[in-house]
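Residue strings, one per chain:
There are 2 protein chains.
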Amino acid sequence: MIQQELTDDLQLKWGRIQQAMKKMNADACLLSVDVNLYYTTGRIFSGYFYLETEGKPWFFVKRPNGLSNDQIEYIRKPEQIAEIFATRGMKMPEKLLLEADELSYNDYTRLQSIFNPKETGNATTLMRSLREIKTPWEIEQFRISAEKHARTYSEITDCFRPGMTDLEFQFEIEKRMRQNGSIGIFRAFGANMDIFMGSILAGENAEAPSPFDFALGGNGMDASCPLGANGTVLKDGTAIMVDMAGNYTSYMTDMTRVFAVGKLTEEAYRAHQTALTIQSEITNAARPGVVCSELYNIAARIAEKEGLAGNFMGTKQQAKFVGHGIGIQINELPVLTPRSREELQPDMVFALEPKFVIPGVGAVGIENSFLMTDSGVEKLTIFEEEIIQLY
Amino acid sequence: MIQQELTDDLQLKWGRIQQAMKKMNADACLLSVDVNLYYTTGRIFSGYFYLETEGKPWFFVKRPNGLSNDQIEYIRKPEQIAEIFATRGMKMPEKLLLEADELSYNDYTRLQSIFNPKETGNATTLMRSLREIKTPWEIEQFRISAEKHARTYSEITDCFRPGMTDLEFQFEIEKRMRQNGSIGIFRAFGANMDIFMGSILAGENAEAPSPFDFALGGNGMDASCPLGANGTVLKDGTAIMVDMAGNYTSYMTDMTRVFAVGKLTEEAYRAHQTALTIQSEITNAARPGVVCSELYNIAARIAEKEGLAGNFMGTKQQAKFVGHGIGIQINELPVLTPRSREELQPDMVFALEPKFVIPGVGAVGIENSFLMTDSGVEKLTIFEEEIIQLY
Chain X
1 MIQQELTDDL QLKWGRIQQA MKKMNADACL LSVDVNLYYT TGRIFSGYFY
51 LETEGKPWFF VKRPNGLSND QIEYIRKPEQ IAEIFATRGM KMPEKLLLEA
101 DELSYNDYTR LQSIFNPKET GNATTLMRSL REIKTPWEIE QFRISAEKHA
151 RTYSEITDCF RPGMTDLEFQ FEIEKRMRQN GSIGIFRAFG ANMDIFMGSI
201 LAGENAEAPS PFDFALGGNG MDASCPLGAN GTVLKDGTAI MVDMAGNYTS
251 YMTDMTRVFA VGKLTEEAYR AHQTALTIQS EITNAARPGV VCSELYNIAA
301 RIAEKEGLAG NFMGTKQQAK FVGHGIGIQI NELPVLTPRS REELQPDMVF
351 ALEPKFVIPG VGAVGIENSF LMTDSGVEKL TIFEEEIIQL Y
Chain U
392 MIQQELTDDL QLKWGRIQQA MKKMNADACL LSVDVNLYYT TGRIFSGYFY
442 LETEGKPWFF VKRPNGLSND QIEYIRKPEQ IAEIFATRGM KMPEKLLLEA
492 DELSYNDYTR LQSIFNPKET GNATTLMRSL REIKTPWEIE QFRISAEKHA
542 RTYSEITDCF RPGMTDLEFQ FEIEKRMRQN GSIGIFRAFG ANMDIFMGSI
592 LAGENAEAPS PFDFALGGNG MDASCPLGAN GTVLKDGTAI MVDMAGNYTS
642 YMTDMTRVFA VGKLTEEAYR AHQTALTIQS EITNAARPGV VCSELYNIAA
692 RIAEKEGLAG NFMGTKQQAK FVGHGIGIQI NELPVLTPRS REELQPDMVF
742 ALEPKFVIPG VGAVGIENSF LMTDSGVEKL TIFEEEIIQL Y
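Protein chains in written order, with this note's numbering: chain X, 1 to 391; chain U, 392 to 782.
The shape of chain X in the complex, shown without the other chains (with noise of 0.2 Å):
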């Protein structure tokens, strides 16, 4: 629907679809939340996309108005779509993919009674694995995120003064981000995942235990929204870790680094040195075919190692990851856990963030984006990794 590039991209990804869905045995997709919209259109609008096994997508547009092209159908409501197959004389899918960890309960049962499948399946699920193993197109928006997110990080020394606290320092940080060409748009899988450009975490807050499934927490600015920077006062001894979105394409980048104000404790200077060797051990063991588990239990057989175990992803509450699949959305697949029987796959891209909590200190550790090569990975992120101090 835009440029020559997006819509090869589209027929590559339309064409990975109808594939998968052939195998699944499934007739047709349906699809309408923000983040599938896009990935098969290119674009945010108000409306469905339609793909049967064969041939092209339907699109049925509610708004905005205005779009032209020999699929797209406008309607007002749902129910005419069961009109326009009638008069195109189009087929009623006997098994339908819908989005169903993602559309409300009355939405969906609403597109059910309205193609009354004989089977439904779950396009959620599917959109998620097909997902995970990014296009040439999406990868090159990966790399235009990453150079901007490293470009607003080099200037993060610029935005700190003595005696401020955690927000004033996010604030100037937010404003580099946008004039680095953040959309702003923070977008993660699940309910209740709301994150306002990313996270700040210095001193007794990054101890802070958080709703949200994300790495570390925080108590954040206000009760409607508890994660991150929470006013702490930027004192001599305190580590800022730095996790800000890298939302400069809609490909999201995801980078974490450590900043110092004054002088650190050993320990916690150790701690990060411990996190960049886990980076280093995963990233050398990450190959096509490894086991998620296996670079996730590299991540917990070193921290246990070095007496860091309690300190590991947390403190008063651990999460139980150390890396996680990036794309439309923050936490796509694959997810590195100790439980994860998923295999690494070329074309995946993911972040991989051992971190530790230093009570009293702040957090430490790193975070980096890295492309799943044929031979192993590729860090897309590149920035000093060592504790960066700021005066």
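Honestly, the hints are just simulated from the structure, not real lab data. Yeah, the Cβ is synthetic: ideal placement off N, Cα and C, and Gly gets one too. One or more hints might be untrue.
Okay, the calculated bits of chain U under chain X, using three or more residues with CB under 8 Å as the criterion [what the hints assert, rightly or not]: (1) 421 to 430; (2) 493 to 499; (3) 591 to 604; (4) 611 to 624.
A few chain U residues facing chain X, derived, Cβ under 7 Å [stated by the list, open to error]: (5) G433; (6) R434; (7) F436; (8) S437; (9) R454; (10) G457; (11) R569; (12) N583; (13) D585; (14) F587; (15) S641.
Dock chain U against chain X, hints included.
Relative to chain X, chain U alone:
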């Protein structure tokens, strides 16, 4: 769960939910989406709020850990709620309300099979209807947001530099917002309603139709977030409509002002005055018992009379409302549409936004947030309403 004042507020809300459930012959409701959890508990967590028609609520919490209260039970998965009911000898509800417009199909059917009620009802409809009438504590939150919202708007002229784009202008305003206490998160009801920090529309971009059900559109900076500023240069003769978020507490005010670069066309100034007239006619007419469609019709009639019907609430795509309830989400009830039969009631809080799009110039008009009182409306967002000259 936090301070005394909030507990009183929560008890008031619980009582209202219980009263409404009795009327519906419902036995209990189970809530878990962010806005309903915040409304009923004063915080966001991962888990469930359960309330029967009598007695105190139960909190079934997955994360964060460390919360303590004799009504809190920690769970890993919702199936454990049934086990807790059995252990405690609690009766399973015969009619259970679930968030049918917000929970995913899979989450909803999972809860349904755990509770296996004879009947289910829609907790989304109930909660949106109850949330429409604000409590004293909520009204106080709007007052705080309104004051900070106006303070940010008073700094907008300082954000402008000749030659800048709408996006550069917006980044400056966003930073002022954050410094004045903006929480950042912008919550809307419904699918695919992604918006980042509000909207700025200048020049031709004000005509761009949006996929969203907001008042106006704009192309946005990326196809993955097609709303608002798009890089338009703010040249002489441009109207800039600033409709940035009032998210300074978890209760959002809504407020729009227009800024002019150089001199606008006569038609633009005239349309702006028409919007002010609409605002004043509607606020004069608004009293408890007045039907919302009557307010919309006042606006439509004036726009028609002034020959501006084709510019009212857009040109290429026109929004069919002139106001909407506000709260934890920006699009709460009531909605001022041509067909709404809903009556105004005391303690509703709504935004009124008569706007006109003038091709080649931009958008003009006004938006303020109002509290319904026993006798009329009180304007919450107090700030200059004429078009503000930038230089």
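Hint numbers not upheld by this structure, sorted from lowest to highest: The structure breaks none of the hints.
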